[in-house]
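Visitor: Residues per chain are reported as follows:
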Amino acid sequence: MEFELDEEQRMLRRTVRETLAKVRALPEDRRWETYLELGWLEAPPLELALILEELGYTADPTPFLATATWFAPLTGRLPEGSGTAVFDGTGRYVLDADRADEVALLTPDGVTVVPGARLAAERVAVLDPNLHVAHVDASALAVGVPDLALTGLAATAVGACRRILDLVLEHVKQRTQFGQPLGSFQAVKHKAADMHVAVERARALTHFSALTIAEDDPRRTEAAHMAKAAAGECQRLVFRHGLQLFGAMGFTWENELQLHLKRAQVCDLLLGTASAHRKALLTA
Amino acid sequence: MKLADDHEVEEFRARFSAFLDAHLPAEAEARERSRSSAHVPDWARRWQRTLFDHGWLLPGQPPEHGGQGATLPQQLAHLEELARRRIYHSFNPQGLGIIAASLLTFGTEEQKRRWAVPILRAEITAALGMSEPEAGSDLASLRTRAVLDGDTFTVNGQKIWTSGAHDADVLLAFVRTDPEAPKHRGISALLIPTATEGVVRRPFGSIAAEDDLDFNEVFFTDVRVPRENLVGPLGEGWRVANGSLGHERTLLWLSYAERLEDLVRDAADVGAGQEWYATLRMDLTALRLLGYRQLAPDRDPAEISVLKLLGSEAVQSASLHALEAHGAEALPHPARTGPYHHLNNEVFVSSWFERYARSFAGTIAGGTSEIQRNIIAERILGLPR
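Chains as they are written, first to last, in my numbering: chain E, 1 to 284; chain Z, 285 to 669.
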């Protein structure tokens, strides 16, 4: 197999990065419009994973993740506006349920789509203030999570972890103690190296998962569990080392670091933690 | 990116597979435990020669050196096919993959004819003299001296951890030829036949058993080596060393992937249902994916450190989990945690304790895990030295 991005995929990634740098200061709905205009919602799985990684990197606040990887794979189409999906019988912790134009419900009889306004959704305050998570009343629904939803969360977490690592690297190169940059100390280097390896491992499994979905490979469910579990493991390590290496400065509200730590953590907690997906992998 | 293998790689794999079906001697599949990394049994000498004669020994080399100019993905398929069938293509991997390969890159025509080709044909075996008591990861600190007088070097000093030296016919030794030059500059590479007067080899046992001999101390006392045995220019040994290891490192990750593959299979009886077993499968998949990615042109060579670190530590952690999972019940069981036994055929299907202990070869040899982390931090992440 070939496991390197091709020229078009690399170009897409460059475009996404440039676009996100430009829309950073815009309000949420204007960003959302930009993504719609650029056709990002229609991207195939691997390209979608690349886009989501960059959105994760910038702690994007739009309903892109839920719409592209929750609603669309379940209904086979894009919503009019934004969309999300309810995967479990309790309807708890549903991404963007409080603001989705359409909600896909997975029932024993199949998938039903209802206008978001028809469901009573109650937004829950979660640790990442930029993500919308809500409870909806959707009792008596079947369980089943599309592979793309897991992969989407994994890609987003990988992006957040990369951002955390970049912020840490910037910090330890500039900050000096004992007359030397922090980054010259071996104890610091070793933590940074471990973070890098964890990101590379999770990203490889995420790309693999997206690739198996794109080619409808029989390993796709197994690959999705691996991606979600690896992203969760990566998140734990990067959170722990990242905050530690940033020191007190990372422990403040003003520092951007907190946004990304929370995005990564929420991505692990939604739709099953690393541990849950390792267990799922054993029976997949 | 795509999941399917390239047509040319698949065709190459099929040709090699057909060759193995037709030529493989019965002994090749017997999983004989190697007595040292330079000891080659008689049947294996004939087998290596057959591979060489048919262009299947080092397929990446040109035909005159026992290859067929294969691409990197084809070379990977070749090694995968050998691993899948659990076949040794050489008992002297350092001689083949490092020493002969270096001679083909840096050696004179005479050195290729006299040393490299006989190593490839398994007529002689070779060992690599790099580490010294005070120069391991810090290879530039090596002290073994070679003084050139006329056309002869006189070598004095000591090497250690020299794998397979007691069974080897020749050593490729790195020696200091200019004590005044900066550390990296004054090193040269010399071929030293082990039968030369003044060369003393002392093998010593590994952690597995007193009679599990691969490590050697090698002492040089006034050893006279002709100038024609100098590999590469005088004082350019550092370049030869890096080139030699570079050769081996490109596909080094594959050996960890193979060990992880063995662990997935062999640990299934105790691992199924345990989360560490899921982690093992994830590590294996991630390592393979990152390894495939490394086959693409223009990858940063420093990324090989990511593969080595991930692979060696995954093997270690999975072996430890498998060892623990058997509990006390396994203590006397030869295939579980029982003591080393030379009749226990092959190293990587040996007891769990032995596998765990041997996994430290991966985190210590060829640059420790600590050195790999430094490389990642400095060369990939740009942290200051």
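To be clear, the hints were calculated from the coordinates, so they are not data collected in a lab. On a predicted model such as this, the values are computed, not experimentally measured, just so you know. Virtual Cβ for every residue (Gly too), placed ideally from N, Cα, C. One or more of the hints may lead you astray.
[Stated by the list, open to error] Per the computed footprint, the stretches of chain E lying under chain Z, defined by three or more beta-carbons under 8 Å from a beta-carbon of chain Z, are: (1) 1-14; (2) 33-39; (3) 167-177; (4) 260-270.
Visitor: Determine for every hint whether it applies to the structure shown.
Guide: Quick rundown of the hints versus the structure:
no.	hint	result
1	1-14	holds (count 7)
2	33-39	violated (count 0)
3	167-177	holds (count 3)
4	260-270	violated (count 0)
The earlier numbered hints that this structure contradicts are 2 and 4.
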